[in-house]
Structure formats: structure tokens, C-alpha cells
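From just these sequences and the hints, can you work out the full model?
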Amino acid sequence: ASAPRILFRHILPHLLPTIIVWGTLGISTTVLLEATLSYLGIGVQPPTASWGNIIFENQTYFQAAPWLVFFPGAAILALALAFNLIGDALRDILDPTQRGRA
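Sequential numbering from 265 applies to the sequence shown in my numbering.
Each hint should be verified, as a subset may be incorrect.
[To be verified] Derived Cβ-Cβ restraints for the label pairs, each shown as a range: (1) Gln323 to Leu345: 20 to 28 angstroms; (2) Pro330 to Ile306: 22 to 30 angstroms; (3) Leu349 to Glu298: 37 to 45 angstroms; (4) Ile350 to Ala328: 53 to 61 angstroms; (5) Trp331 to Thr300: 18 to 26 angstroms; (6) Ala329 to His278: 44 to 52 angstroms; (7) Ser266 to Leu289: 20 to 28 angstroms.
FYI, nobody ran anything at the bench for these hints, they're computed from the structure. Since the structure is predicted, the reported quantities are computational estimates derived from the model, not experimental observations. Idealized CB from N, CA, C, for every residue including glycine.
In C-alpha cells, the structure reads:
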């Protein structure tokens, strides 16, 4: 068997699920990192919209209107969780070692 045949037939099918999971974890990590840096003031600068900026600007109103902080935080959580679940589902679908198992 030739080297390209071995690569495309045996090696890449086993690497693809891992690469996809790493990519989706990277996206969710990037979202969390951007929001954190923006909240701390060293990320995206106003007036550019960012969930971290929104939370930072609305923390002074937390006592009177906690939803101004809750909903951006919940959106960050939901987006990170969604990317992790998508990566997990794609790994389950694409993993050649799991084919044929229920």
C-alpha cells in the first residue's frame, strides 16, 4: 500500500473526530476568553459590543436590575455549552471506532 492510501484510509479517519472536538473546544474557549478580557477592560474596547463589556457596564445596576448582568452571562454560558455539545455530537457521529455500536 502506498503512503497516501495509508494516510487517507487509516490515519485521517481516526484524526478527524479529534480535530473537530479540539476546534469546537477552541471556539468556546475563545468566546470565554474574549468576554473575560473585555470585562477586565483589556479586550474589545467600547463602543464595540461585547458580552464582557455589557456585563461590566451593567454591574452598577445589579441591585436594581440583575437581569442586565444575568442574560449576557447566560448567553456566554449557552454559547460555550452549545459549541461543546456540537463537538461531542460530531465526534460521536464521525468516530470510526464507534460505528456499529448503539
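Here is how each hint holds up against the structure:
1. Gln323 to Leu345: 20 to 28 angstroms: Once the Cβ atoms are compared, 23 angstroms apart, the range 20 to 28 angstroms for leucine 345 and glutamine 323 holds.
2. Pro330 to Ile306: 22 to 30 angstroms: 25 angstroms, holds
3. Leu349 to Glu298: 37 to 45 angstroms: 20 angstroms, violated
4. Ile350 to Ala328: 53 to 61 angstroms: 37 angstroms, violated
5. Trp331 to Thr300: 18 to 26 angstroms: Once the Cβ atoms are compared, 21 angstroms apart, the range 18 to 26 angstroms for threonine 300 and tryptophan 331 holds.
6. Ala329 to His278: 44 to 52 angstroms: 51 angstroms, holds
7. Ser266 to Leu289: 20 to 28 angstroms: 34 angstroms, violated
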